[in-house]
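Take a look at the letters that make up each chain.
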Amino acid sequence: MAGPSFEFVPHTADVAVRLHAPTLEGLFAVAAAACTEALTDRSAIRASDSRRLSLGPAEPDLLLVDWLHEVLYLFESEGFLVREAEVSLAPDDTGAWTLDGQLRGEPRDAERHGLKLLIKAVTYHGLAIARDADGYSATVVFDV
Amino acid sequence: MSDAIPLSPFSWRLPRTGGMRVDGIVYADAAMMTDIQKDQSLQQVRNVAHLPGIIGASLAMPDIHWGYGFPIGGVAAVDAEDGVVSPGGVGYDINCGVRLLRSRLTREEVAPKLREIVAQMYANVPTGVGEGRRDLRLSSRDLDGVLEQGAAWAVGRGFGDRADLDHIEEGGRLPGADPALVSERARQRGSLQLGTLGSGNHFAELQYVAEIYDERIASAFGLFPGQVTVMIHSGSRGLGHQVCQEHLRVMVDAARRYGITLPDRQLCCAPIGSPEGQAYLGAMAAAANFAFANRQVMSHWIRESVGAALGLAPHRAGLSVVYDVCHNIAKFETFEVEGRTRRACVHRKGSTRAYPPGHRQTPAAYREVGQPVLIPGDMGRYSYVLAGTDRAFRETFGSTCHGAGRLMSRSEAKKRVRGRSLLKELEAQGVHVMAAGMATVAEEMPEAYKDVADVVRVVEGAGLSRRVAQLRPLGVIKG
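Taken in sequence, the protein lines are chains L and Z.
Following this note's numbering, the numbering of the first sequence begins with 1 at its first residue and continues without gaps.
Following this note's numbering, the numbering of the second sequence begins with 1001 at its first residue and continues without gaps.
Be aware that one or more of the hints could be misleading.
[What the hints assert, rightly or not] If you want the footprint, here are the derived chain L segments under chain Z, 3+ residues with CB under 8 angstroms:
1) 58-70
2) 73-80
[What the hints assert, rightly or not] List of simulated lysine-lysine pairs, DSS-like, C-alpha gap at most 25 angstroms:
3) K116(L) / K1038(Z)
4) K116(L) / K1414(Z)
5) K116(L) / K1424(Z)
Everything labelled a hint here was simulated from the structure, so no lab data went into it.
The C-beta atom is built at its ideal place from N, Cα and C for all residues, glycine as well.
Using the sequences and the hints given, assemble the complete structure.
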């Protein structure tokens, strides 16, 4: 089974990324990485600091957008850039999930972390978390 | 292949089917329709026609491209009593819009000082990522003032003159704004970003009037050939994006509770009179006012920049506001529809109001000729000034296009630019660009966009707007 991965896919006006992971938690974790990669070169980010987030309960695809908005808010308010994330998800009996996330990264250093673009928001466009033989996938579109 | 039926050389009908409550109408010529039919844009026009309370038709302008739920370049008017309001019909960048300043200067006069002017603009107007200027720090009470009063707040603080307010859509203040409805997080983002241009396709451009198409209207607008102008394209920054995303989130659940089924989740909405609808409208108006204040503040700094570069007191250059328009907004307006007077909530997402001569909301100075419409082109190409018409008022809820749509993805644009220095090419054309160093310059290359001249040609052919003048760039600052 392949590990978590993401790739940017062509989009006329904005930025779209296709996410894959064996587990739902892995999908959320790789989404945070992809979101950061859209902003800047993630390989230049040191995992020297961390942030903890709790979100939900909400349906998985709404929760995914909420999660990414939190990642973007940390960037905009504190300059925090995510190198990697770890997510745990706990379901309730209505199909909603609660998320507990750990983000590792560091505050942006303008010298080391050049920005590719700024993201205005995460949209719900085409967002449907799908299950397949390899795990989970989703496409997320960012309005830039 | 779609079932678009030609109505005229510049308009097409998408007949009502399935859950559509009204037809779709697309303003485009045949060549554009071939492109438009290649992606989801027309399906989105049809989807918008599902909105409860929609009046007339789901409209699309020739700069249409597909967006989130609503196409960009779309207009949807809903009944003010029975209809729904939808944040996606406004967009994330609430009151993204355009302001045009004219001057007493000519292109020849500024030519020797072009680099200095652009450098001053770049130094004085923050672009790209990061906070606004240190000399503009807002307290919570200040921010309340911005959100309630819009451009008038800025004038009260010394940014520009009272006279500017008469030349802004809504006088620079959308009624119904409630600062208390703007979340703490949105406020935090806004308090640091007043007086910032943003990034992406936002810009401030020094221009000259290259062509006049209608002398009578140009004269009323105060425009003459070779005149130096400044155009600002910017919106409500992080505050607006935050308001939109929060209310979309609420409405995803609300739409379900109100039993509203829609073909696309991004069309989520709530009845105008509902708590959710009213909360969005109050917050949206506040965000719109932030954008009006933002353009007012930046105009002031640009006046100072031009003055400083030329060694003139700021007012000597005579930079005055021609007009300032919104192109992402929802407003309550009144129209005659099938013989009845109806009040509507008009959603314009990537569409500009284009009111006719004689309308009381057309500023007094322009009442005989129609409301100015400002259509930014892309970097390095031309922009246009148009005037609103009676026909737009009758057919499109007083709306027209907003600019050029993108043609090419960012990755494709970057590939095409590889090996070329876009900045050098623009310099060779005499356009001096200063950008905050992100990849955006390559992605914003002119070829990545449709040609705005085609868009304008179609709205004029359809009778929705009259061409008045063409503006060409001399210098640009960008994020």
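Okay, the hints, checked on the actual structure:
1. With 4 residues having a beta carbon nearer than 8 angstroms to a beta carbon of chain Z, the segment 58-70 of chain L meets the requirement of three or more and the stated coverage holds.
2. Against chain Z, the segment 73-80 of chain L contributes 3 residues with a C-beta closer than 8 angstroms to a partner C-beta. That satisfies the three-residue criterion, and the hint holds.
3. A C-alpha spacing of about 29 angstroms is found between K116(L) and K1038(Z), which places the hinted pair above 25 angstroms, so the restraint is violated.
4. Using a Cα cut-off of 25 angstroms, the hinted pair K116(L) and K1414(Z) holds, with the two alpha carbons roughly 12 angstroms apart.
5. This hinted pair checks out: K116(L) and K1424(Z) have alpha carbons roughly 20 angstroms apart, not beyond 25 angstroms.
When held up to the earlier numbered hints, the structure conflicts with hint 3 and nothing else.
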